[in-house]
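For reference, the chains in residue letters:
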Amino acid sequence: MKHAQRNTLGWIAVTVVLFLVLLLVGMFLRAVQANQLDAAQGWFYPMMTLHGVGMAGLWWVGAMACASRVLARYVEPSEKVSSFAMLGTVAGVVLLLVSVFLGRFAAGWYFLYPLPLKGTWPRWSTVVFLASLTVLAVTWLVWVLDLLRAIAKKFPLTRALGWHYITGAEGPEVPPVVLITTVSLIAAIACLVSGAATVVFFVLELFTGTGSDPLLMKNLTFLFGHLLVNLSLYLAVGVIYDVLPTYTGRPWKANRVVAVAWNVVLWVVLFAYFHHLYMDFAQPPAFQYLGQVASYVSSIPSAVVTVFGAVALVYRAPVRWNLTVALFFLGLMGWGIGGIGAVIDSTIAVNSVLHNTLWVPAHFHTYMIEGLVLMVLGYFYHYCQEEAPIEEDLRLHKIATCLIVVGGYGFLAMFYLSGALGVPRRFAIYPANVAHGATLSKVALGFITLFLGGLLVYARELGRRWNKARQAIHA
Amino acid sequence: MRSLRWAAVACALVACAVTGTPPVRAESVVTAEARALHRAVPDVTISVAGGEQVKLSSLWHDKPVLITLFYQRCLGSCSPFLRSLSSTIKTVGGLGDDYRVVSVSFDPEDTPERTHELATQLGLGPGESWKVGTTSPAQLQPLMDSVGFWYRAIPGTDQVDHPSLVAMVRDGRVVRVLLGNTVSPTRFQELRLEARGTFVPFYAAPDASTRFRCLDVDPATGQLRLGWGLVVLLLPAALALALSLAVFRLARPRPAPAE
Numbered sequence: 001m002k003h004a005q006r007n008t009l010g011w012i013a014v015t016v017v018l019f020l021v022l023l024l025v026g027m028f029l030r031a032v033q034a035n036q037l038d039a040a041q042g043w044f045y046p047m048m049t050l051h052g053v054g055m056a057g058l059w060w061v062g063a064m065a066c067a068s069r070v071l072a073r074y075v076e077p078s079e080k081v082s083s084f085a086m087l088g089t090v091a092g093v094v095l096l097l098v099s100v101f102l103g104r105f106a107a108g109w110y111f112l113y114p115l116p117l118k119g120t121w122p123r124w125s126t127v128v129f130l131a132s133l134t135v136l137a138v139t140w141l142v143w144v145l146d147l148l149r150a151i152a153k154k155f156p157l158t159r160a161l162g163w164h165y166i167t168g169a170e171g172p173e174v175p176p177v178v179l180i181t182t183v184s185l186i187a188a189i190a191c192l193v194s195g196a197a198t199v200v201f202f203v204l205e206l207f208t209g210t211g212s213d214p215l216l217m218k219n220l221t222f223l224f225g226h227l228l229v230n231l232s233l234y235l236a237v238g239v240i241y242d243v244l245p246t247y248t249g250r251p252w253k254a255n256r257v258v259a260v261a262w263n264v265v266l267w268v269v270l271f272a273y274f275h276h277l278y279m280d281f282a283q284p285p286a287f288q289y290l291g292q293v294a295s296y297v298s299s300i301p302s303a304v305v306t307v308f309g310a311v312a313l314v315y316r317a318p319v320r321w322n323l324t325v326a327l328f329f330l331g332l333m334g335w336g337i338g339g340i341g342a343v344i345d346s347t348i349a350v351n352s353v354l355h356n357t358l359w360v361p362a363h364f365h366t367y368m369i370e371g372l373v374l375m376v377l378g379y380f381y382h383y384c385q386e387e388a389p390i391e392e393d394l395r396l397h398k399i400a401t402c403l404i405v406v407g408g409y410g411f412l413a414m415f416y417l418s419g420a421l422g423v424p425r426r427f428a429i430y431p432a433n434v435a436h437g438a439t440l441s442k443v444a445l446g447f448i449t450l451f452l453g454g455l456l457v458y459a460r461e462l463g464r465r466w467n468k469a470r471q472a473i474h475a
Numbered sequence: 001m002r003s004l005r006w007a008a009v010a011c012a013l014v015a016c017a018v019t020g021t022p023p024v025r026a027e028s029v030v031t032a033e034a035r036a037l038h039r040a041v042p043d044v045t046i047s048v049a050g051g052e053q054v055k056l057s058s059l060w061h062d063k064p065v066l067i068t069l070f071y072q073r074c075l076g077s078c079s080p081f082l083r084s085l086s087s088t089i090k091t092v093g094g095l096g097d098d099y100r101v102v103s104v105s106f107d108p109e110d111t112p113e114r115t116h117e118l119a120t121q122l123g124l125g126p127g128e129s130w131k132v133g134t135t136s137p138a139q140l141q142p143l144m145d146s147v148g149f150w151y152r153a154i155p156g157t158d159q160v161d162h163p164s165l166v167a168m169v170r171d172g173r174v175v176r177v178l179l180g181n182t183v184s185p186t187r188f189q190e191l192r193l194e195a196r197g198t199f200v201p202f203y204a205a206p207d208a209s210t211r212f213r214c215l216d217v218d219p220a221t222g223q224l225r226l227g228w229g230l231v232v233l234l235l236p237a238a239l240a241l242a243l244s245l246a247v248f249r250l251a252r253p254r255p256a257p258a259e
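Heads up: the sequence lines are chains A and B, in that order.
For the record, in the first sequence the residue sitting at position 293 is 293 according to the working numbering, with numbers rising by one throughout.
For the record, in the second sequence the residue sitting at position 9 is 9 according to the working numbering, with numbers rising by one throughout.
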C-alpha cells in the first residue's frame with residue numbers, strides 16, 4: 001500500500017513541478033512573440049519543441065497516474081510497473097532536455113518528416129530526440145499493457161467494454177472508469193505503436209539514407225500525436241466518473257447510453273486524426289471526409305453524455321465546492337468548449353481558412369489548459385486531501401479557481417482572437433502585416449500571469465497536503 | 001561474448017548515425033522548381049529590336065507574364081527549348097488573352113537585333129504577345145536570381161552551362177516554374193491554370209527507392225494505385241486489437257475450482 005502511495009505522490013510531484021517549468025517555457029514563447037525578448041529569439045523553436053512535447057507527454061502520464069490510482073479501487077495494477085513507468089518517463093525527459101538544450105533540436109512537437117533530418121541542429125541531437133521518444137513509447141506501452149492486464153484479471157473484454165449494457169444481456173456492474181479506461185488503453189496501444197513506427201522509419205533513414213514516404217510519415221505521426229492527447233483527456237474523464245459521485249452523494253453508473261458513447265469512441269477515434277491532413281492534397285479524398293465525420297462522432301457523443309451526466313449529478317445536490325469539484329466541473333466545461341473549437345476546426349471548409357492560424361493552438365490549449373489540466377489537478381488535490389486531510393479554506397479555493405479561470409480564458413481569448421484575425425501560428429516574430437499578433441501576445445502574457453498566480457495558490461494548498469501525506473508514509 | 005559483439009555493432013551504428021555525414025540524396029526537380037516560388041521579380045527593362053523599351057511591370061499589370069532566358073550563340077538546349085515552348089503554346093491553344101511571353105538573353109554580347117533574328121528563325125510570336133530582347137547586365141542578375149536561373153562558363157569553349165526554365169509571373173511574383181529541356185503540354189496547362197489564379201498542387205511522387213509508399217502514381221495515366229504504406233498504416237490498429245485480445249485471453253479470470 002505504501003508503495004502505491006509513494007508512487008502516486010511521486011507522480012503528483014513530477015507532474016506539478018514539470019507543469020510549472022513548462023508553463024514558464026510557454027510564457028517565454030509568448031514573450032518572444034510580443035517582442036519582449038529580442039535577444040532570445042534564437043531559442044524560440046527549441047523551446048516550442050520542449051513546451052509541446054513536454055506538455056503532451058506530461059499530461060498523458062498525469063492522466064495515466066490518476067487512472068491507475070482510481071482503477072486500483074477495482075483491480076490490481078502492478079506498483080512495480082508504475083515505478084518503472086516513472087523511471088522511464090524521467091529518463092525520456094532527460095534525453096529530451098539534452099536534445100533541446102544542448103543540441104538545440106527544434107523540429108516542433110510534431111517533428112514532422114523530414115524536418116528532424118533537415119534542421120540546422122547537429123545530427124546527434126536528432127538521434128537523442130528519437131531515443132527520448134523510443135524510451136517514452138516503450139515505457140508507456142509496458143504501463144498500458146499492465147493496466148489492461150489488471151483489468152483483464154477481473155473482467156472479460158466484452159464486460160470491460162460494457163457490451164452487456166448494449167445488448168441487454170446479464171452481466172456484472174462495470175464501473176464507468178473501467179469501461180472508459182479499457183477503451184482508452186486499447187486505443188493507446190495503436191497510438192504508441194504508431195509513435196514507435198515513426199521513430200523506426202526516421203532511424204532507418206538516418207542509417208541508410210533511403211527516404212520514407214512523407215504521406216505515410218505524416219499519417220503515423222498524427223495517429224500517435226492526436227491519439228495521445230485525446231486519450232489523456234478520456235482517461236481523466238474516466239477518473240471524474242469515479243470521483244465526482246463521492247462529493248455529490250449520488251452514484252454515476254454505466255448504462256447503455258454511456259457504453260454506446262464510449263464504444264463509439266474506440267472504433268472512431270482512430271480515424272479522427274485525418275483532420276490534421278486536410279492540407280495534404282496527396283491524401284486520398286475519402287480519408288478527408290472520413291476525418292471530418294470521425295472528428296464529430298468521436299467527440300460529440302462522449303462529451304454530451306459526460307457533461308449531461310455531470311450536470312445531473314450535481315444538480316440540487318449538496319456539493320461542497322472545494323478545489324476538486326470546482327476543477328472537475330471547470331475541466332469538463334473546458335473540454336466541451338475546446339471540443340467545440342476542435343469540431344469547428346475539423347470541418348474541412350473552415351479548416352482550409354483557419355488551419356495555419358493561431359485558432360489551432362487556441363482550441364488545443366482550451367481542452368488542455370482549461371480541460372485536461374484542471375481534471376488532473378482536481379484529482380491530485382482529491383487524492384492528497386483523502387490521504388492527509390487538512391481543514392479546507394474554501395475562500396482560498398475560490399481565489400485559486402477564479403485566477404485559473406480568468407487568467408486561462410483570457411490567455412485563450414488572445415489565441416482565438418489572433419486566429420480570427422489571421423495571425424499565423426508557429427511564427428516567432430510577426431511581420432508588419434500581422435503586427436497585431438505581438439500586441440495580443442503581450443495581453444496574453446498578462447492573463448497567463450494571473451493563471452500562474454492561481455496555480456501557485458493551488459500548489460500551496462496541494463503542497464501542504466502532499467507533504468503531510470509523505471510524512472505519514474515515512475512515519 | 002555474442003551479446004558483447006552485438007553491443008559493439010550497435011554502438012558502431014549509433015556512432016555512425018550520430019557523427020557520420022548524412023547520406024546525400026539528389027535534389028528533386030520539384031524541389032528545384034519550388035525554390036523560386038513567391039519571389040518578387042524586379043521590374044527590369046527589356047530592349048526589343050527596333051529600339052522599343054518595355055518594362056516588365058507594363059506587361060504584368062494586366063496579364064501574367066511567362067519569362068524564359070536564353071542566349072543566341074547557344075549550341076545546346078536554347079533553340080530546341082524555345083521551339084518546344086512555342087510548339088506547346090500552339091498545342092494548348094496558342095498565345096491568347098491569358099498571358100504574355102518574354103524571352104530575355106543572358107549573354108552580354110547579344111543585341112536586340114540578334115535575338116530578334118533568332119526569334120524569327122524559330123517562328124516565335126506574334127511580337128506583341130511574345131517579346132524577345134535583352135536587358136542591361138545590372139538588371140540581369142536580379143532577374144535571374146528571382147526566377148532561380150543561373151549559368152557558368154564551360155572551360156575551353158564559348159558555351160555556358162545553364163538550366164532551361166519557364167517562370168510564370170503574376171502581379172510581379174513567381175507563381176510557378178517548370179524546369180526541363182522540353183515543355184510538356186500537360187505541365188504547361190498547369191502553368192496556365194496557375195496564371196489564372198487556380199492553385200495546382202505539384203509535388204515529388206515517392207520513387208521506387210522510397211519504402212512503403214502509400215500510393216503509387218502511374219506516370220502515363222496519372223492513375224493512383226494503393227501501396228504497402230497503407231498496410232503499414234493499418235498495422236498499429238491491428239496490433240492494438242491483437243495485443244488486447246492476447247492480454248484479455250492470457251489474464252482472463254478463471255472460475256474457482258469446484259470443491
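Some hints could be false.
[What the hints assert, rightly or not] Derived CB-CB ranges, DEER-like:
id : chain 1 : residue 1 : chain 2 : residue 2 : range
1  : B       : S209      : A       : R73       : 25 to 31 Å
2  : B       : D62       : A       : T120      : 55 to 61 Å
3  : B       : P201      : A       : E173      : 19 to 25 Å
4  : B       : G197      : A       : G453      : 49 to 55 Å
5  : B       : Q141      : A       : P431      : 50 to 56 Å
6  : B       : P163      : A       : V353      : 57 to 63 Å
7  : A       : E392      : B       : P201      : 57 to 63 Å
8  : B       : P253      : A       : V311      : 32 to 38 Å
9  : A       : Q36       : B       : Q159      : 43 to 49 Å
[As the list claims (entries may be wrong)] Reference listing, derived: stretches of chain A covered by chain B, where coverage requires no fewer than 3 residues with Cβ under 8 Å from a Cβ of chain B:
id : segment
10 : 97 to 103
11 : 189 to 199
12 : 374 to 384
13 : 392 to 406
14 : 430 to 437
Calculated from the structure, these hints are not laboratory results.
Quantities reported herein were computed from a predicted structural model and do not represent experimental measurements.
Note that CB positions come from ideal geometry on N, CA and C, so glycine has one too.
Hints, one by one, checked against the model:
A hinted range of 25 to 31 Å for the beta carbons of S209 of chain B and R73 of chain A is inconsistent with their spacing of about 54 Å. For the pair D62 of chain B and T120 of chain A, the beta carbons lie near 42 Å from each other, so the given range of 55 to 61 Å is not met. Look at P201 of chain B against E173 of chain A: about 54 Å separates their beta carbons, and that is not inside 19 to 25 Å. At roughly 50 Å, the beta-carbon separation of G197 of chain B and G453 of chain A lies within the given 49 to 55 Å, and the hint holds.
Hint check: Q141 of chain B to P431 of chain A, Cβ distance near 26 Å, so the stated range 50 to 56 Å is violated. Checked against the given bound of 57 to 63 Å, the beta carbons of P163 of chain B and V353 of chain A, roughly 37 Å apart, lie outside it. With their beta carbons about 59 Å apart, E392 of chain A and P201 of chain B fall inside the hinted range of 57 to 63 Å. For the hinted restraint 32 to 38 Å between P253 of chain B and V311 of chain A, the CB-CB distance of approximately 36 Å keeps it satisfied.
The hinted range of 43 to 49 Å is not satisfied by Q36 of chain A and Q159 of chain B, whose Cβ atoms lie roughly 56 Å apart. For a cut-off of 8 Å, the count of residues in the segment 97 to 103 of chain A with a CB near a CB of chain B stands at 0, and the three-residue condition is violated. A count of 6 residues in the segment 189 to 199 of chain A with a Cβ less than 8 Å from any Cβ of chain B is obtained; the coverage claim is therefore met, three being the minimum. For the segment 374 to 384 of chain A, the stated coverage by chain B is not satisfied: 0 residues place a CB nearer than 8 Å to a CB of that chain, which falls below the threshold of 3.
With a threshold of 8 Å between beta carbons, the proposed coverage of the segment 392 to 406 of chain A by chain B is violated, since 0 of its residues qualify and at least three are required. With 0 residues having a Cβ less than 8 Å from any Cβ of chain B, the segment 430 to 437 of chain A misses the three-residue criterion, and the hint is violated.
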